[in-house]
Amino acid sequence: MLYLLKKKKPEDLEVIIKADRHFSLEERLITFWEYKEHQDPYGLIERLKEDLEERIRYIDLRKAYSFRPSRLLKTLAFLTLILLALNLIVSPPKNLVSALSPEGNEKAYNEQKNSLLEKKAHLSDNVLEGEGVKKQQVSQEDFNKEKVESFETPKSLEEFLSQWDFDKNNAKSNESQKESQKTEEKKEESTAQKEGNEKSSIGSSNNMPSLGSVASGISPSMEEGSSSQGEKEEGQTAGTENMPAQSQQERMIQAPIPGGKVADKKDASSSLPGTEERNTKLGEKESERKVFSGENVSVPSPQEEEKGKNYLFQAPTLTGERKTVGDSVSVSPQYQEENPVASRILPQEFQDILKIYFSQ
Amino acid sequence: MALSLEDFTDVIGKIRGEIGKVIVGYDEIIDLILISLLSGGHVLLEGVPGIGKTLIVKTLSEIIDLKFSRVQFTPDLMPADITGTNIILEDEEGRKHFKFQEGPIFANIILADEINRATPKTQSALLEAMQEGNVTSGGKVYPLPKPFFVLATQNPIEMEGTYPLPEAQLDRFFFKLILTYPGKEELLEIIERTTNIEMPTVSKVADGRTIEELKKIVRSVPVSQVVKDYTVRIILATHPETNFATEKVKKYVKYGASPRGAQALILGAKALSLFEGRSNVSFKDIRNVVFPALRHRIILSFEGEAEGISPDEILKDILEKVPEV
Numbered sequence: 001m002l003y004l005l006k007k008k009k010p011e012d013l014e015v016i017i018k019a020d021r022h023f024s025l026e027e028r029l030i031t032f033w034e035y036k037e038h039q040d041p042y043g044l045i046e047r048l049k050e051d052l053e054e055r056i057r058y059i060d061l062r063k064a065y066s067f068r069p070s071r072l073l074k075t076l077a078f079l080t081l082i083l084l085a086l087n088l089i090v091s092p093p094k095n096l097v098s099a100l101s102p103e104g105n106e107k108a109y110n111e112q113k114n115s116l117l118e119k120k121a122h123l124s125d126n127v128l129e130g131e132g133v134k135k136q137q138v139s140q141e142d143f144n145k146e147k148v149e150s151f152e153t154p155k156s157l158e159e160f161l162s163q164w165d166f167d168k169n170n171a172k173s174n175e176s177q178k179e180s181q182k183t184e185e186k187k188e189e190s191t192a193q194k195e196g197n198e199k200s201s202i203g204s205s206n207n208m209p210s211l212g213s214v215a216s217g218i219s220p221s222m223e224e225g226s227s228s229q230g231e232k233e234e235g236q237t238a239g240t241e242n243m244p245a246q247s248q249q250e251r252m253i254q255a256p257i258p259g260g261k262v263a264d265k266k267d268a269s270s271s272l273p274g275t276e277e278r279n280t281k282l283g284e285k286e287s288e289r290k291v292f293s294g295e296n297v298s299v300p301s302p303q304e305e306e307k308g309k310n311y312l313f314q315a316p317t318l319t320g321e322r323k324t325v326g327d328s329v330s331v332s333p334q335y336q337e338e339n340p341v342a343s344r345i346l347p348q349e350f351q352d353i354l355k356i357y358f359s360q
Numbered sequence: 001m002a003l004s005l006e007d008f009t010d011v012i013g014k015i016r017g018e019i020g021k022v023i024v025g026y027d028e029i030i031d032l033i034l035i036s037l038l039s040g041g042h043v044l045l046e047g048v049p050g051i052g053k054t055l056i057v058k059t060l061s062e063i064i065d066l067k068f069s070r071v072q073f074t075p076d077l078m079p080a081d082i083t084g085t086n087i088i089l090e091d092e093e094g095r096k097h098f099k100f101q102e103g104p105i106f107a108n109i110i111l112a113d114e115i116n117r118a119t120p121k122t123q124s125a126l127l128e129a130m131q132e133g134n135v136t137s138g139g140k141v142y143p144l145p146k147p148f149f150v151l152a153t154q155n156p157i158e159m160e161g162t163y164p165l166p167e168a169q170l171d172r173f174f175f176k177l178i179l180t181y182p183g184k185e186e187l188l189e190i191i192e193r194t195t196n197i198e199m200p201t202v203s204k205v206a207d208g209r210t211i212e213e214l215k216k217i218v219r220s221v222p223v224s225q226v227v228k229d230y231t232v233r234i235i236l237a238t239h240p241e242t243n244f245a246t247e248k249v250k251k252y253v254k255y256g257a258s259p260r261g262a263q264a265l266i267l268g269a270k271a272l273s274l275f276e277g278r279s280n281v282s283f284k285d286i287r288n289v290v291f292p293a294l295r296h297r298i299i300l301s302f303e304g305e306a307e308g309i310s311p312d313e314i315l316k317d318i319l320e321k322v323p324e325v
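Just so you know, the protein sequences line up as chains A and B, in that order. Numbered by my numbering, the letters in the first sequence go through residues 1 to 360 in order. Numbered by my numbering, the letters in the second sequence go through residues 1 to 325 in order.
Keep in mind that the hints are not guaranteed to be accurate.
Just some of the chain B residues that point at chain A, by a computed CB distance under 10 Å [said to hold, decoys possible]: (1) Glu6; (2) Glu212; (3) Lys216; (4) Val221; (5) Pro222; (6) Ser224; (7) Asn280; (8) Val281; (9) Ser282.
If you are wondering where the hints come from, they were derived from the structure by calculation, not from laboratory data. Every residue gets a Cβ at the ideal spot worked out from N, C-alpha and C, and that includes glycine.
Put together the whole structure using the sequences plus the hints.
Listed below in structure tokens is the structure:
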């Protein structure tokens with residue numbers, strides 16, 4: 001619609017002005033158009049009309065609107081041609097037909113890709129030969145199978161993270177999964193043994209081996225050795241307090257094994273905390289919604305404001321009496337605590353609700 | 001007596017022919033003087049002595065049957081010497097009474113020779129009469145005859161002891177024409193005509209009434225809106241404070257042309273179009289009268305004066321920069 005409005009037929013005066021200028025009528029046509037209905041006591045308009053008719057008799061006014069490329073348009077077209085020609089001269093394509101056709105492009109791309117892969121393979125061969133690794137004949141099928149297995153994509157990010165060993169910076173294999181199963185079994189055994197140790201250690205020593213000392217990998221037999229070692233233990237336990245929060249599970253893993261060997265810490269911390277597999281994956285099971293089944297509490301109507309202002313909350317204030325003896329100031333002032341539920345502020349129904357809530 | 005367009009062309013042709021018998025060259029100047037006469041304006045002629053300024057005016061008054069008077073402006077000339085004064089007269093019965101004695105200004109064509117030599121007081125007396133078309137003396141208003149046409153001359157070289165016309169009074173002149181020395185051919189012709197026994201004579205081809213009718217025809221020439229718009233843009237381009245002003249105008253012009261300048265452009269272009277055989281005003285007509293109509297209406301700034309810029313240079317720049325449509 002806007003286009004139609006903009007591209008509407010030009011006004012008559014505009015056409016006349018253009019025609020006048022195009023045919024060099026020296027503003028005769030414009031003037032006649034404007035003054036054609038004016039009074040003409042001296043015959044000037046009539047003279048103008050005759051003069052105009054004589055001039056435009058052999059002129060086709062439609063020529064005023066014929067298309068003529070402007071100087072700018074001509075210059076632009078010329079420049080474009082020159083630039084195109086220069087471009088062809090400076091960097092001509094080797095095979096214009098293949099360069100222009102899509103099949104040719106694809107073929108060229110594949111060729112380029114293959115050549116790059118070959119170069120890369122050559123380079124890796126040279127490196128391996130330099131390290132003294134011998135070449136091994138592997139069939140293409142086996143190679144592909146190996147590749148596909150290595151590139152098996154995990155189902156989720158968590159699974160992927162759990163498969164990745166961040167310490168070694170490589171993916172965990174199925175063997176590591178087996179190892180983890182073994183460690184779990186060991187965990188159970190160690191917990192059972194620990195319980196037994198705890199029972200045996202009661203009464204034998206006042207300095208109970210704390211969880212921190214266990215985590216530090218010191219066996220109870222070593223603790224019994226000297227009292228100075230006990231001081232060291234304290235320092236070590238203090239150190240463990242400053243350690244980043246370790247899960248209870250990890251600490252259990254680090255518990256000493258019956259043979260007196262220290263548990264391998266690296267095995268236990270091979271996966272990041274929180275990256276263990278969930279029993280139920282996210283989105284699979286809908287979480288239960290907690291439905292509030294209490295009584296509906298309504299806000300008191302503003303009409304009650306007439307009785308006095310009702311405030312649901314008020315900043316707690318402490319009002320106390322400072323006990324003084326003579327001029328000296330007592331060191332331990334006593335304060336009377338205010339009832340958290342202010343009876344003078346809240347209406348009775350809210351007080352009841354709050355009492356019920358806090359009693360529960 | 002109602003004249004037609006053909007009568008106009010005929011009369012103008014005759015006047016041109018008669019002037020051409022006496023004046024050699026200066027065709028353009030003569031046309032512009034006639035245009036000014038037919039537009040109801042006055043002309044300021046500027047030129048060195050001895051190039052025929054006075055002769056042009058004198059010849060014109062002879063061709064057109066009009067009363068001609070010449071006033072030589074000097075420093076001791078008083079306003080009453082131009083406008084006239086009340087004198088005491090005694091009648092037959094011996095009673096004395098005042099009577100207004102008309103000055104030389106009560107004529108159709110006035111030649112105010114070397115107007116810049118008179119004092120500003122005298123100059124303003126003439127210029128007021130030019131503007132108002134009447135003279136006031138002793139509480140009485142005396143109308144000037146019609147047509148009333150003043151041709152003032154000034155010498156640009158002898159500036160000592162002169163009183164250059166102030167800008168406000170220059171604005172009252174319709175055209176300012178600058179006469180230059182004639183060329184070789186023209187000079188030979190002048191010698192041929194004026195140094196023989198027989199002096200060229202002219203005949204009267206028109207009178208005051210005819211001139212008044214011709215003035216009406218000039219005013220009835222149609223002007224299209226686009227041409228009027230072009231004229232207005234030219235006038236605004238002379239004002240340094242407007243958006244239409246060119247860089248040169250902003251730099252060198254202090255004050256631009258007044259609305260009188262626009263009137264002069266349109267009226268002059270109307271008369272010129274009839275002189276060229278057209279009955280409408282074109283852009284070309286406006287351009288042709290820009291220089292005589294506006295050159296004395298542009299007041300240069302200090303920078304313009306210091307750098308020796310002429311108003312014609314400014315106007316040329318304006319004509320180049322202002323588009324027709």
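Q.
Which constraints among the numbered hints does this structure fail? Numbers only, ascending.
A. 2
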